[in-house]
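Participant: These are the residues of each chain, in order.
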Amino acid sequence: MGSEALIDAIRTTLGPAVEAVMDSFGDPVLILRPESVRASMAALREPPFDFAVLLDLTCVDYAAGEGRFELVYHLFSLSRNVRLRLKASVAAADPVVDSLAGLWKNAEWLEREVFDMFGVRFEGHPYLRRLLTYEGFEGHPLRKSYPWRLAQPRIPLKDNE
Amino acid sequence: MSGFDFLTTRLETALGWGRKFSLFHYPFITACCGMEYMSAACAHFDIDRFGAGLTRFSPRQADLLLVVGTVPHKLAPVLRTVYDQMLEPKWVIAFGACAVSGGIYRNYAVVQGIDRIVPVDVYIPGCPPRPETVLDGLMKLQDKIQNQKQDWRWARKP
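So the protein sequences, as listed, match chains B and U. When we follow our numbering, the leftmost residue of the first sequence carries the number 1, and every step to the right adds one. When we follow our numbering, the leftmost residue of the second sequence carries the number 1, and every step to the right adds one.
Think of the hints as simulated: they come from the structure by calculation, not from any bench. Treat the hints with care, as some may be off.
Said to hold, decoys possible - Here are some chain U residues the structure puts well away from chain B; computed CB gaps all over 10 Å: (1) THR9; (2) PRO59; (3) GLU88; (4) ASP115; (5) ILE117; (6) ASP143.
Stated by the list, open to error - Quick look at which bits of chain B chain U covers, simulated, 3 or more residues with Cβ under 8 Å: (7) 133-144; (8) 149-159.
In this text, all values refer to a predicted model and were calculated from it rather than measured experimentally. Each residue gets a CB set at the ideal place from its N, CA and C atoms; glycine is no exception.
Kindly produce the complete structure, drawing on both the sequences and the hints.
Facilitator: Take a look at the structure:
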């Protein structure tokens, strides 16, 4: 199955969950509706698509607009040797999306990182807490609204600036 | 009592001489500067020539703290604890641009210079510093140790 045929088959299977299909330097990019992320990923993980590997899960903050936070998923199919990128925008007011931790074990830490850095909540995650920053850290440092260079020291520091 | 002044001076000189050539160092290595530390510590450049060859992997047995690499805020309490665990007399070298000033990392995560956490005796700049620079910094520390007032009552530093 070629790339075009694969995308057509995915669109047929997922139906209205796919909002658009784009092309990024020759790689297919699917735009998903945020509420259908979990079901779409579950379908893509199984044969015939067989995207068994979640390569990466990250987020982009576009600072403005209704769909401010854009989640980016990278899937890889070992049997097809095909990569697939999927994106889903979530609202700025209450960024929440379904967790993929039940599908791929590595999604647990990837989602914890996105929660830590962007404050996107993942519904159904077994232990959604900060991954990179520390206890007592306030805010989400990779949000565009996070104050520029604001450090949150854990111990009193001498001021040498 | 001038004779005793003479004795004290000689004692300070002897203590300084002994201390500067028996630096047991604790490498607090967090980043890529560690490669240059290894290069300086191993046979090619060999800090053992300056009496600093004995690496201790416990701060309680060390008197020279080498802070090699970036120290983020998450790690700051650890560095402070390691410093507090060392016995007097003790010295600290900030090794590399990140330890000196935060280096290229001016953001929410990185401490802007370890002198905000612990007192630093010698700053070694460079990203990373050449081993020759490290040896130069080590010799500067030895000069400092030789010429400083020897704190043989082991009073705490401020």
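Participant: Which of the listed hints are broken here?
Facilitator: Numbers 4 and 5, in rising order.
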